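Protein chains in written order, with my numbering: chain G, 1 to 300; chain F, 1 to 300; chain A, 1 to 300.
Mixed in with the good hints, there may be bad ones.
A pair counts as met if it fits within one copy or between any two copies, since identical chains are not told apart.
[As the list claims (entries may be wrong)] DSS-like cross-link-like pairs, simulated, lysine-lysine; straight-line CA separation at most 30 Å: (1) LYS92 / LYS146; (2) LYS92 / LYS220; (3) LYS221 / LYS35; (4) LYS92 / LYS189; (5) LYS146 / LYS220; (6) LYS221 / LYS168; (7) LYS143 / LYS8; (8) LYS189 / LYS221; (9) LYS189 / LYS8; (10) LYS220 / LYS8; (11) LYS220 / LYS189; (12) LYS221 / LYS146.
Everything labelled a hint here was simulated from the structure, so no lab data went into it. Here the structure is a predicted model, which is why all the values come from computation and not from measurement.
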Amino acid sequence: MTRPDYSKQGYTDVSAALRNAILTITINPANHRPKEFAGALYQNLLHVFELCGSDDRVRAVILTADHTAPAYCSGGDISDGWDGLWDPESEKEGEHAHRDAGGTLSMAIYRCHKITIAAVNGHAAGIGMTALQLPFDFRFVWKDAKLVFPFIRRGIIPEATSTFLLPKLIHHSLATSLLLTARASTPSKSRALAALYHEILPTREAVYPAARKFALDMIKKSSAAGVGDVKVLLRHPGTSMEENYILESMVTRAAKGNAKEEGDPWGIAKRLLFRENSDGDGNIYPWWQTIDVRHHKTKL
Amino acid sequence: MTRPDYSKQGYTDVSAALRNAILTITINPANHRPKEFAGALYQNLLHVFELCGSDDRVRAVILTADHTAPAYCSGGDISDGWDGLWDPESEKEGEHAHRDAGGTLSMAIYRCHKITIAAVNGHAAGIGMTALQLPFDFRFVWKDAKLVFPFIRRGIIPEATSTFLLPKLIHHSLATSLLLTARASTPSKSRALAALYHEILPTREAVYPAARKFALDMIKKSSAAGVGDVKVLLRHPGTSMEENYILESMVTRAAKGNAKEEGDPWGIAKRLLFRENSDGDGNIYPWWQTIDVRHHKTKL
Amino acid sequence: MTRPDYSKQGYTDVSAALRNAILTITINPANHRPKEFAGALYQNLLHVFELCGSDDRVRAVILTADHTAPAYCSGGDISDGWDGLWDPESEKEGEHAHRDAGGTLSMAIYRCHKITIAAVNGHAAGIGMTALQLPFDFRFVWKDAKLVFPFIRRGIIPEATSTFLLPKLIHHSLATSLLLTARASTPSKSRALAALYHEILPTREAVYPAARKFALDMIKKSSAAGVGDVKVLLRHPGTSMEENYILESMVTRAAKGNAKEEGDPWGIAKRLLFRENSDGDGNIYPWWQTIDVRHHKTKL
Chain G
1 MTRPDYSKQG YTDVSAALRN AILTITINPA NHRPKEFAGA LYQNLLHVFE LCGSDDRVRA
61 VILTADHTAP AYCSGGDISD GWDGLWDPES EKEGEHAHRD AGGTLSMAIY RCHKITIAAV
121 NGHAAGIGMT ALQLPFDFRF VWKDAKLVFP FIRRGIIPEA TSTFLLPKLI HHSLATSLLL
181 TARASTPSKS RALAALYHEI LPTREAVYPA ARKFALDMIK KSSAAGVGDV KVLLRHPGTS
241 MEENYILESM VTRAAKGNAK EEGDPWGIAK RLLFRENSDG DGNIYPWWQT IDVRHHKTKL
Chain F
1 MTRPDYSKQG YTDVSAALRN AILTITINPA NHRPKEFAGA LYQNLLHVFE LCGSDDRVRA
61 VILTADHTAP AYCSGGDISD GWDGLWDPES EKEGEHAHRD AGGTLSMAIY RCHKITIAAV
121 NGHAAGIGMT ALQLPFDFRF VWKDAKLVFP FIRRGIIPEA TSTFLLPKLI HHSLATSLLL
181 TARASTPSKS RALAALYHEI LPTREAVYPA ARKFALDMIK KSSAAGVGDV KVLLRHPGTS
241 MEENYILESM VTRAAKGNAK EEGDPWGIAK RLLFRENSDG DGNIYPWWQT IDVRHHKTKL
Chain A
1 MTRPDYSKQG YTDVSAALRN AILTITINPA NHRPKEFAGA LYQNLLHVFE LCGSDDRVRA
61 VILTADHTAP AYCSGGDISD GWDGLWDPES EKEGEHAHRD AGGTLSMAIY RCHKITIAAV
121 NGHAAGIGMT ALQLPFDFRF VWKDAKLVFP FIRRGIIPEA TSTFLLPKLI HHSLATSLLL
181 TARASTPSKS RALAALYHEI LPTREAVYPA ARKFALDMIK KSSAAGVGDV KVLLRHPGTS
241 MEENYILESM VTRAAKGNAK EEGDPWGIAK RLLFRENSDG DGNIYPWWQT IDVRHHKTKL
């Protein structure tokens, strides 16, 4: 377990603060449209999501922006080309390497076993719609936010695993509309966009407080391990109903055993350990295959 | 084919009656909150669903409650611990066995090739939301029923294959909300809950009659084999569009052949036989892998 | 690349005309209820969808009907039996062959890498709901169109890969309702039906112009290769988030390289070539397995 001071990580494009078990990450107003997405904003976000994963004081993570900023996140500026979209580590490996930075960040957020909430209190485009929204458990939004997946109109491919996440979150009929039309609209006007959000708020300033109130209630009435278990089951279900039955039973059995441990009603510590140490006796995590996605100087 | 007398099965927690090809199973008012779910209510339901599967007089099964009972089903009482959640057969095998009773029942209902309807004429929680609703073909509900998936607030994992079924029935965005927030709401107030139901009725007493009328219409205008075929295709689709194309073509061809048989316009008997006897010539069932989910004194 | 004259293909049941990069295929009023679906209407549609796939002048394909015809398509007439449902090529191979013509057509439309739109300006049933709507990217409809998946009420199985496509387009809860109840309703009355459509229009005559205006806007603001890439990613996503991350990154990298080519800002030609010629250096298409679905005188 680590207990970092989030204010001392040298972040330039976001600020991060922990209060009442909620880590709030705020995109700086000046950085709502990063010159290259794979730059500081990306590095800051990747770092803070990895950092909080092993901090047991953090129960929920809210990503938001200043509600007076021009936007929540307007996406990477590609007026000078697409070079800023790529993960710098992979790029070092040369021509055949290809890992979009948005995808790397999406996976870091998706794997986070805390409660994750995107509080979208302004307009959003590109990476601001994909990595900064789709991998979160819950999305709160301002009813008049202009939202767009602009990729296809710029000659780019929707990135950040959005072609995987969007048709899961809403159905194919709506996901196809959003990705292929690439039109800007708002949650109050578009049924497809509205379907993405847990709550739609009347003003920009109402979005973060609503998300925070929601997170506080969830924290009070659930356990960290329980949240983590449900997230893992939803993300790695059995490939058949039968397999899922066995997985749920295993996870419930583990939860039951752990719940008896003194001073740790939900077995948080032990079950997090399960996740980290895959060789322990009785260890059930992970049951899914963990894939190494780094580029290894060979083509797929 | 069996033709059991459903009133003479010695059920203590439900009553079951067959009329006009509809088997109505009613949870006794006193048993809406079973002391341990894996007890009599579970055993009765498991038995009656297995029994009616081979009774060709039964075209549809409706599970309901007395509309004056405190609830449709309030879930298992876990105030004394979770021991009542486990399938007693598996428990005999000791510490490493783990099969939740809810999952066993869910699979029995899901596999039933009759038309299955949950007529939810009262509040529902826990197993009352999972095994007693999600594996059914259709759900009818009272608009003011208080409904909740409370698991995460009690330190338990959502069971009865709900982490598999719920994100299929409605999309991930809504399923995540229901399972992670674990908040009680009603179909008239919650978009996520409303999405689960075929029809939402204004009063508790209107729910069962609406479900029954719907079932009678379906029975009159469809064939038993046709219903079974569609259910099987929806549950075991091809893993690709191409594979599904071949499966649908096979099933249609079989249906066509059978439809010509005298006195059996839709080939019910022969096609049910296909399902039961997997060695027959021209047999297309099952094309999916049947998994043995019993515990075998080894870990997964 | 081919540049066929669509008016000279000898079609008897449809007419086809290319204008402003949009190929409009109109079902002849007399053929809205084909005597046997696998006859001329099927052959004409299969031919025109295959033809336009390699015609680079075509950016979008709209299938529609005469708005004064009795229906958009009322499905095959099965009053004399089901023989007209089968693909004639497969039927030649005898008793054990089974390929439904609707499925063959569905796959041809689904694989088309143009923008595809069904402009449903009249009632639709059977194949008019399945192959002639579900494999399209977008569906536009008249609010009072009577729509039905009648299969189960006629003893037939839902065909044309509808058991695969429908639960993808809308969720299982709605797909089950549509296929099992087999009831006729309209987009203005049925939530399940409405979920299938991108836009619902007040009159029959408004449907095609709305679809055409929508297509023109999409064409102006997107590239052919970009549309094709998104369609391919949505249809062949990674089996895990990690795999999808690598796929999206590969496709984006390919798009980036091609975008630099002179005179071909989005690399359309080269990337279409990728799709056609799977041996080229740097070729990323196809990453999915292509399945030969022809019948080969052996049973599956």
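Copy assignment of LYS92 with LYS189, given that the CA separation must stay at most 30 Å: For LYS92 and LYS189, the Cα distance exceeds 30 Å both inside one copy (44 Å) and across copies (53 Å).
Intra- versus inter-subunit Cα pairing at 30 Å for LYS92 with LYS146: Classified as neither; 36 Å inside a copy, 56 Å across copies.
- prompt: Within a copy, between copies, both or neither: where do LYS221 and LYS35 come within 30 Å Cα-Cα?
  reply: between (41 Å within a copy, 23 Å between copies)
message: Within, between, both or neither: how does the pair LYS92, LYS220 come out at a Cα-Cα threshold of 30 Å?
response: Classified as neither: same-chain Cα gap 45 Å, cross-chain 37 Å, threshold 30 Å.
message: When Cα atoms must be at most 30 Å apart, do LYS189 and LYS221 count as within-copy, between-copy, both, or neither?
response: Only across copies: LYS189 and LYS221 sit 21 Å apart there, 34 Å inside one copy, limit 30 Å.
message: Treating 30 Å as the Cα threshold, decide for LYS220 and LYS8: within, between, both or neither.
response: Result: close within a single copy only, 28 Å intra versus 48 Å inter.
- prompt: Can you tell me if LYS220 and LYS189 fall within 30 Å by alpha carbon in one copy, between copies, both or neither?
  reply: Close across copies (23 Å), not inside one copy (34 Å); limit 30 Å.
- prompt: Is it within, between, both or neither when you check LYS143 against LYS8 at 30 Å Cα-Cα?
  reply: So LYS143 and LYS8 fail the 30 Å test inside a copy (35 Å) and across (52 Å) alike.
- prompt: When no copy is specified for LYS189 and LYS8, does a C-alpha distance of 30 Å or less occur within a copy, between copies, both, or neither?
  reply: neither (42 Å within a copy, 44 Å between copies)
- prompt: For the identical chains here, do LYS221 and LYS146 meet the 30 Å Cα criterion within one copy, between copies, both, or neither?
  reply: between (34 Å within a copy, 18 Å between copies)
30 Å Cα threshold - placement of LYS220 relative to LYS146: For LYS146 and LYS220, only the inter-copy Cα distance (21 Å) is at most 30 Å; the intra-copy one is 33 Å.
message: When Cα atoms must be at most 30 Å apart, do LYS221 and LYS168 count as within-copy, between-copy, both, or neither?
response: both (27 Å within a copy, 26 Å between copies)
Hints 1, 2, 4, 7 and 9 from the list above are not met by this structure, while the remaining hints are.
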